[in-house]
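Asks: Same order as they appear, the protein sequences are chains H and G. Going by my numbering, the first residue of the first sequence is number 204, and it counts up by one from there. Going by my numbering, the first residue of the second sequence is number 204, and it counts up by one from there.
It cannot be assumed that every hint is accurate.
Given that identical chains are not distinguished, each listed pair holds provided it fits within a single copy or across any two copies.
Claimed, not checked - Below, computed lysine-lysine pairings styled on DSS-like, alpha-carbon distance capped at 30 Å: (1) Lys-260 with Lys-281; (2) Lys-270 with Lys-329; (3) Lys-253 with Lys-230; (4) Lys-319 with Lys-230; (5) Lys-270 with Lys-325; (6) Lys-270 with Lys-319.
These are computed hints drawn from the structure, not numbers from a lab. Note that the coordinates shown come from a computational prediction; the quantities given were computed from them, not determined experimentally.
Single-letter residue listing:
2 protein chains.
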Amino acid sequence: MRKKQRVSRAFYIIKSGKKGDYEFRGKFWIEGKDGTFLGVGRATLLQKIKEYGSISKAAKAMNMSYKRAWELVESINKQAKEPLVITHIGGKGGGGAKLTPEGERILKQFWEVYHKFEEFLKEEIKHFKF
Amino acid sequence: MRKKQRVSRAFYIIKSGKKGDYEFRGKFWIEGKDGTFLGVGRATLLQKIKEYGSISKAAKAMNMSYKRAWELVESINKQAKEPLVITHIGGKGGGGAKLTPEGERILKQFWEVYHKFEEFLKEEIKHFKF
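Here chain H stands alone, though its shape is the one from the complex (with noise of 0.2 Å):
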């Protein structure tokens, strides 16, 4: 039987790939004005709903609770200088949500900063003698 895939902590985790035993690892976030602004889980979850048009199908695919998601989004849109993600009710499909112009930028840099940072380690664990 296939393991159930679930979004688990080690997928928030950045890594250097191995050399020998070792592998760096790190995090990294943004903190706002009510604690995390913006880390990888929640860059992703905005990613799926630029990718999926939903809330609700962005929460299905990282396996999260729709509550859940709808309360990341909040949480981001609350500590934006302007909401990062919009939702509109009903019609066909019975609405969806998208990422604002704004939403798109501070998105495009995190990736930004998210792979650089996976460079660094990278870096550094090549010039590290072990």
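We have chain H; now place chain G onto it with these hints.
Replies: Chain G only, in chain H's frame:
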């Protein structure tokens, strides 16, 4: 009454400093074959052992139980290519501990990566457009 100083989880977080309401934060550690080999907490323990010449004094300085400090030292030594900490028993003052040259070498490199990571976060938040 002064609040008792404790080593909290926040202690292990590396920070960029604030820009408006926002701060970049991160964690960094080296994973070994049995889980964490060396992170900020373990590196600080090694640093304190180096300073105090004693695992029990180092543990006390970190508000950590002696048992916990021993376990961490054992985990570090077991995962390193050669021991990073050696202990000697008895004599005046009831024995002690110190870093091996290998311990000094690994610790020095760890703090170098730590400081580079801190610099990375400071640099990235500067360029991030919120």
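Asks: Against this structure, judge whether each hint is valid.
Replies: Hints, one by one, checked against the model:
In this assembly of identical chains, the alpha carbons of Lys-260 and Lys-281 lie at most 30 Å apart only when taken from the same copy (22 Å versus 46 Å across copies). Taking the shortest Cα distances, Lys-270 and Lys-329 never come within 30 Å of each other, neither inside one copy (42 Å) nor across copies (34 Å). In this assembly of identical chains, the alpha carbons of Lys-253 and Lys-230 lie at most 30 Å apart whether taken from the same copy (23 Å) or from different copies (28 Å). In this homomeric assembly, Lys-319 and Lys-230 come within 30 Å of each other (Cα to Cα) both inside a single copy, at 12 Å, and across copies, at 15 Å.
In the homo-oligomer, the alpha carbons of Lys-270 and Lys-325 never lie at most 30 Å apart, since the shortest distance is 37 Å inside one protomer and 34 Å across protomers. When the C-alpha separation of Lys-270 and Lys-319 is checked against a cutoff of 30 Å, the pair qualifies neither within a copy, at 32 Å, nor between copies, at 39 Å.
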